[in-house]
Amino acid sequence: MVLAGPSGCGKSTLLRAVNGLIPHMYTGDYSGHVRVAGIDVKESTMRDLAQKVGFLFQNPENQIFMFTVERDIAFGLENLGIPRAEMRERVDEALHLLEIGDLALRAPHELSDGQKQRVALAGVLAMRPRLVILDEPTSLLDPKTAAELVQLVGRLRRELGTTFVVVEHRLDLLVRVADRIVVMNDGRKALEGTPEEVLFGDEAEAYGVTVPSVTKLQKMLAADGVLPPAGLLSPAELARVLEGRSTR
Amino acid sequence: MHQNGVKALDGVSLKIGSAETVAIVGENGAGKTTLVKHVTGLLKPTTGDVTVDGQNTRKTSTAQLSRKVGVAFQNPDHQLFSESVEEEMSFALRNFGFAPELVEQRVRWGLELFGLEEYRKSSPLVLSGGEKKRLTLACILAWDPEVVILDEPTVGQDSIQKERLAGTIRMLTSSGKTVVVVSHDIEFLWPIQPRVVVMKAGRVLGDGPAAILMQDKGLLDSARVAQPQLVEFFERLGERPHAPFADPLDARRWVEETRR
Amino acid sequence: MYHRLDPRVKLLISVLMFATTLLVRSLYELAGVLAFMVVVAAVAMVLRRVARTMMFTATFSVFIFVLNFIFTRNLETSLLYAARFVAIVVSTSLFFITTSPDELEQVMKTFRLPRDVVFAFVTAVRFIPVMFLDTIQIMDAQKSRGLELEKGNVLKRVRNMIPVLIPLVVNSVVRSGELAEAMESRAYGAVPKPTSLVEYRARTADRVVAVSAVVLFALAAYSFYFVFPARIL
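Residue numbers (our numbering), protein chains in the order written: chain A, 1 to 248; chain B, 1 to 260; chain C, 1 to 233.
Next comes chain A alone, as it looks inside the complex:
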């Protein structure tokens, strides 16, 4: 699921209400209920929540604590008191999943941003959560590395069955892998639906959602009656559809 919306709409707050930082670390007025993987967030401890919900923060640097990669991946497990043998197994599993086995003994400050992010994600996955939250994971990455990350998330979702909630402005990368998009505005849910429904709607742009340029074109042409209604088309697909029409 992709969570989008203009700056200041409350996305970050919502994420923290899901993983438990609100209300366990940040206090205030709280009403309503948040349930994740069968437990109530307010009534559970961070210890329980950390094993159900993983959170990958925006800045990969500020969530890696240890001097070596593998020790940082083990950080959460150490905190939970997991016995050493099981820890070793889980750490190796995480290294393998993220394809960073060769980085196991490296120091974090030597790594590239993309690598740091994989390390941080490995640390989160080692806790075996049912839900993983990613807060603007691609903002510091170049497009190709970002695409690789998105592919990775798609693969992990298939292999592990984990649910992913991603906050992003750069939707063009995610439209192909997302099941649903939720757009927030001013602390409320403004739009919800499949990527097609949201991007084809008229309100997306008003809420700061970056609609890919070819999708904008598709919308305009569909409104003009030039195109039959169709799902989200890639640039190549759109060209093909138009060719098809013109030879008629």
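Hints were generated in silico from the structure; no laboratory data involved. One or more hints might be untrue.
With a straight-line Cα cutoff of 35 angstroms, these simulated DSBU-like cross-link-like pairs (lysine-lysine) come out [to be verified]:
{"no.": "1", "chain 1": "B", "residue 1": "LYS200", "chain 2": "B", "residue 2": "LYS59"}
{"no.": "2", "chain 1": "B", "residue 1": "LYS44", "chain 2": "C", "residue 2": "LYS109"}
{"no.": "3", "chain 1": "C", "residue 1": "LYS156", "chain 2": "B", "residue 2": "LYS68"}
{"no.": "4", "chain 1": "B", "residue 1": "LYS44", "chain 2": "B", "residue 2": "LYS177"}
{"no.": "5", "chain 1": "C", "residue 1": "LYS151", "chain 2": "B", "residue 2": "LYS15"}
Dock chains B and C against the given chain A, drawing on the hints supplied.
Then chains B and C, alone, in the frame of chain A:
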């Protein structure tokens, strides 16, 4: 220039004239920011020279070169430190020796232009991310440099903020300034139709108008640069105009015309 | 080889060297101790780095020498105090140069320091290179706003550091907040006694070296007090 024994920039020879709009693209580590740092002398070349408006960067300090070249770095939190927004804006102006009345004038103008007047007396540290970015840009434009360099200005910005930024760049270009944008965001850059410099591993792989360069798939792939969606669309059309569409409206207009 | 010793043994060696320096009462004894330190540094293959540390202490030790000389008018005593300072610095730096941050953490845990203190230390050291890079970026940003960091008298230069220090401090505070969120999200403090992925176990070689170090120290202490007549101090 060598960094840890690796050549960060290799045989780069570039000339940027006044009132040009240039985009520098390439993957992380290609040397884009390194190149930008050479312009104001933050880094000095090991061989060759960098001259800005006739001044050699080896003989002039960064502070002096910055009078003509304003650089907006990626992270506003690396700059903001004053007690109020107006103080923050006057910092550079005072450093450059502007008279007090002129300082006041420029501060007022900058705040108005970027819609930040309500924050005049607030601490810059309490502004939101987007507002901080606007503030750093306002600070730079206040001293009116001839060249403005933007390093990854669209990171973390929603579409409304990006529209505003594109508008600012258009305004700068139309007032005759040289604008250099370092960015990954090809979709943001494309409608601006700048001159594009493609970099990889410290070298310049390509240098030319966006409309031409962005059609060179081989070049873009080897530099790991994405191709703008409208260009890809353009290339897949059997029958097409002589240049790719700069924005969706142009494309729609063309489709309508060819239908008739 | 030295680096692979158990960090507690490395600490023991440095502490004993330090203690020996304090027991010294003549220049000959001190020369002997310093020579021994040089040999150990050579064995650990860190001679160049230790030599560099010695050079940094040079100005201060000269200062100590001069001050002592002014008050005692005794060449030997002043020289002894100055040289002793150098020896102390060398013995402690030998430990820090040959011990990785991970091992430092291990040593701190052995001394039963509270988990929060150890963790704060580890995190602080881990972010030193990051803060260094931040400082450079901040300086670049402020220089680009006309801040002259290389010109001006001492007073002006100190004032010009303010636009660099404030963002640095602010960023550190913000960073701490982000780190706290990440820590909480990974269940820090969930369990009173967290487990550990790595473990340092003392090997026979470590025990042998430790015992030898203690024996050598005892010998040195004995000879300084009973074998060689008391000299200057």
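Structure-based check of each hint:
| no. | hint | in the structure |
| --- | --- | --- |
| 1 | LYS200/B x LYS59/B | 29 angstroms, holds |
| 2 | LYS44/B x LYS109/C | 46 angstroms, violated |
| 3 | LYS156/C x LYS68/B | 24 angstroms, holds |
| 4 | LYS44/B x LYS177/B | 24 angstroms, holds |
| 5 | LYS151/C x LYS15/B | 31 angstroms, holds |
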